[in-house]
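With the sequences and hints as input, model every part of the structure.
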Amino acid sequence: MKVRLIVRRWKQGWTRPRYDVFDVEADPEESVLDLIERVSLSTDRTLVFEHACHHGACGACGMIINGVERLACVTKVGEAARKGLLLVEPLRGFEVISDLAVDKSRMFSKYPAETQTLEPVAASLEKLYDCVECGVCYSACPIANTYGEYLGPSVLALAYHRALSDGVVPGSVAGSGGVWACHAAFDCSEKCPVGFKPGEKIMKLRRLLLGGRVKVS
Amino acid sequence: MTAVSKHVVVIGGGVTGAATAYDLSLRGFRVTLLERGSIGAGTSGRTHGLLHSGCRYVADTEVARECYLENQTLRRIAPFLFEKNGGLFVAITEDDLAYKDFFLKKCGEAGIPVEEVEPAVALKMEPNLNPKLKAAVLVPDGTFDPLKVILSFLASAKKYGAVVKPYNEVVGFRVEGGEVRAVRVLDKVSLREYELEADFFVNATGAWANKVASLAGLHVPVKPSPGVMVALDGRIGNRVFNRLNKPGDGDIIIHQRGTSVIGTTSWIVEDPDGVSIPKEHVELMIKRGSEIAPVVSRMRVKAVYVSSRPLVGQAAQTGREVSRSFAIIDHSREGVGNMLSIIGGKFVTARLMAEKMGDAVCERLGVSVPSRTAELPLAPYWLYFS
Amino acid sequence: MGLGKAVRSWFQVKGRSAEHISFGLRRLAGIVLALYLVIHMVDISTLLLGREYYQALLNLFSSPVGLVFDIILWILLVAHGSLGLYSAIVEAGFLVDRRKELLVAAWAVVALFSLVGAVVIIHVMG
Chain A
1 MKVRLIVRRW
11 KQGWTRPRYD
21 VFDVEADPEE
31 SVLDLIERVS
41 LSTDRTLVFE
51 HACHHGACGA
61 CGMIINGVER
71 LACVTKVGEA
81 ARKGLLLVEP
91 LRGFEVISDL
101 AVDKSRMFSK
111 YPAETQTLEP
121 VAASLEKLYD
131 CVECGVCYSA
141 CPIANTYGEY
151 LGPSVLALAY
161 HRALSDGVVP
171 GSVAGSGGVW
181 ACHAAFDCSE
191 KCPVGFKPGE
201 KIMKLRRLLL
211 GGRVKVS
Chain B
1 MTAVSKHVVV
11 IGGGVTGAAT
21 AYDLSLRGFR
31 VTLLERGSIG
41 AGTSGRTHGL
51 LHSGCRYVAD
61 TEVARECYLE
71 NQTLRRIAPF
81 LFEKNGGLFV
91 AITEDDLAYK
101 DFFLKKCGEA
111 GIPVEEVEPA
121 VALKMEPNLN
131 PKLKAAVLVP
141 DGTFDPLKVI
151 LSFLASAKKY
161 GAVVKPYNEV
171 VGFRVEGGEV
181 RAVRVLDKVS
191 LREYELEADF
201 FVNATGAWAN
211 KVASLAGLHV
221 PVKPSPGVMV
231 ALDGRIGNRV
241 FNRLNKPGDG
251 DIIIHQRGTS
261 VIGTTSWIVE
271 DPDGVSIPKE
281 HVELMIKRGS
291 EIAPVVSRMR
301 VKAVYVSSRP
311 LVGQAAQTGR
321 EVSRSFAIID
331 HSREGVGNML
341 SIIGGKFVTA
351 RLMAEKMGDA
361 VCERLGVSVP
371 SRTAELPLAP
381 YWLYFS
Chain C
1 MGLGKAVRSW
11 FQVKGRSAEH
21 ISFGLRRLAG
31 IVLALYLVIH
41 MVDISTLLLG
51 REYYQALLNL
61 FSSPVGLVFD
71 IILWILLVAH
81 GSLGLYSAIV
91 EAGFLVDRRK
101 ELLVAAWAVV
111 ALFSLVGAVV
121 IIHVMG
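Chains as they are written, first to last, in our numbering: chain A, 1 to 217; chain B, 1 to 386; chain C, 1 to 126.
If you are wondering where the hints come from, they were derived from the structure by calculation, not from laboratory data. Incorrect hints may appear among the rest.
To be verified - Coverage of chain A stretches by chain C, computed from C-beta distances (three or more under 8 Å per stretch; other residues unrestricted):
no., stretch
1, 62-73
2, 123-133
3, 141-149
Beta carbons: idealized from backbone N, C-alpha and C, even for Gly.
Rendered as structure tokens:
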């Protein structure tokens with residue numbers, strides 16, 4: 001199918017972004033990431049975008065595709081394109097490094113030192129949390145988009161899991177940028193590509209805190 | 001001679017480059033890592049995430065043992081990165097079954113602790129396995145998120161002063177008097193081209209190693225070998241599912257987070273950029289995957305992708321036999337004395353590859369500081385971002 | 001966070017879910033109602049200037065244009081209240097896993113009360 005790929009470009013020093021148009025032939029079954037990679041290799045090597053696993057497990061390729069936050073590697077061109085048009089922009093809520101790549105340090109720098117990465121699934125079996133740390137929830141969240149100190153949906157959701165397993169959460173979670181800054185928009189849960197339900201977990205964490213069932217360190 | 005005064009540029013931000021940057025910075029070198037794309041944009045970011053027990057390669061005892069020892073080391077230095085649930089090798093056909101005794105014997109020779117389990121027990125452990133399985137062996141496999149492992153190595157490297165520059169592509173080398181003086185780099189974030197001088201250069205670009213080396217007029221005998229992987233929407237098990245037989249196409253299903261990935265195939269290409277995915281390979285993966293776990297044929301395919309292994313070509317007889325699974329290419333034979341390339345290996349042996357590369361760099365620069373990457377815990381990946 | 005950037009993000013509607021837009025409307029309604037409260041206090045204080053001025057304002061408010069504004073204000077009040085009740089329930093951690101049904105119910109309440117209120121305003125004041 002014929003696709004018009006429009007990419008928001010920005011380089012250090014530019015005062016405003018530029019929208020580049022690439023008219024390409026694409027397979028409706030291929031992923032938007034494949035398309036972007038092909039264009040970067042054949043047409044414009046300066047195209048900056050983040051990607052790693054190509055199968056929805058690492059969270060690197062979060063971007064806004066036709067207005068909606070998605071993981072580009074598991075978004076099919078045929079399904080996402082509107083009348084053959086694909087507009088790709090970087091995630092909101094983060095500083096843009098260049099083009100489609102954003103600086104996710106506002107999210108990762110909030111991880112407490114004792115962050116757990118694994119949860120038990122059965123006796124002596126474990127699993128990495130479903131949260132792939134893509135940052136889509138920050139882009140979707142109206143609070144994260146306006147309040148820089150907000151810990152953010154994924155960090156708070158992971159804190160909920162910690163509350164369940166250890167009965168304690170770091171002080172920042174109960175502070176001004178923590179669970180109480182959320183205002184129940186739930187766009188995070190709607191956009192989360194792995195169904196991690198951060199919005200619901202923030203509210204459930206509130207109940208734990210109100211009920212005194214979790215300590216604040 | 002202390003390492004601190006020497007600057008090493010590592011080209012390649014995959015697991016090999018990341019582990020090398022860590023090993024070198026831990027020894028006291030000043031390290032700059034350059035990656036043309038984002039971290040893990042190449043082969044190792046796309047690996048299906050198998051923490052090898054080594055059992056897949058039991059036919060070569062030395063390679064298998066090397067894998068297993070690195071498996072143990074990684075579990076020790078970064079337990080938080082791995083789903084340490086083990087794996088099962090299952091025999092579906094009579095041909096598979098006939099392989100079992102050889103398999104068990106060679107695992108023993110390699111020193112890998114494995115345990116045969118009754119089919120009924122295997123099915124109880126993993127209900128999605130083919131109910132007609134004839135034999136099962138439990139092995140110490142594990143799984144991981146490749147990007148987070150690479151970021152952990154880089155976070156650890158940064159802790160010891162390494163500078164990491166993604167979106168910085170090496171576009172040329174300045175070679176004078178038998179030495180690389182500098183690399184010419186395009187910073188894609190600012191569209192600025194600049195020169196970076198250093199005392200030593202490590203080409204850790206894997207499948208791209210020859211493409212990069214040829215910019216300096218050098219040659220690396222790497223054979224890029226792509227393989228197709230099919231990711232399914234859903235986690236159908238906790239332990240890695242392996243087909244009990246010689247390594248072949250579609251003989252493994254790896255579960256990580258909420259995804260199960262069937263792998264893989266292999267063929268050789270000239271250029272690792274722009275490899276297209278043969279549709280027959282996808283159909284083959286699903287067919288072979290269903291033989292191991294019938295539920296596969298009823299699952300939605302989330303993604304299909306390909307990445308190129310950096311296979312060591314025949315011509316890699318360098319006299320520098322650090323291992324049979326990977327090779328360090330010495331460019332002094334081509335007249336350049338301060339650059340080494342590294343190819344081959346598996347994700348699980350990256351730390352060892354970095355250690356050997358670190359030893360080689362030290363030898364070249366007359367520095368004697370041992371590697372300590374096997375002793376120290378890895379920094380958690382989120383520290384890369386602070 | 002730049003103020004300009006923050007305000008511009010409020011008006012981002014494309015691609016936002018129904019949940020996000022409901023949140024935005026609740027916020028906007030709240031702001032308008034707060035402004036209205038201030039305006040209301042100002043218009044009531046015109047009584048200090050004399051009966052005629054206050055009566056003139058009341059005549060303005062009962063004009064057809066005034067009734068339209070009344071209806072809009074009523075809808076905003078009902079929306080803010082109903083969505084606020086939805087928010088109060090889920091933000092305390094109750095019915096969180098049934099939030100979609102709760103949101104639909106909240107909007108149904110908005111529709112019902114808006115209709116009833118609009119009818120009453122037109123009937124009584126028109």
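Okay, the hints, checked on the actual structure:
1. 62-73: Holds: 5 residues of the stretch 62-73 of chain A have a Cβ under 8 Å from chain C.
2. 123-133: violated (count 0)
3. 141-149: Result for this restraint: holds, n = 5.
Violated hint for the displayed structure: number 2, the only one.
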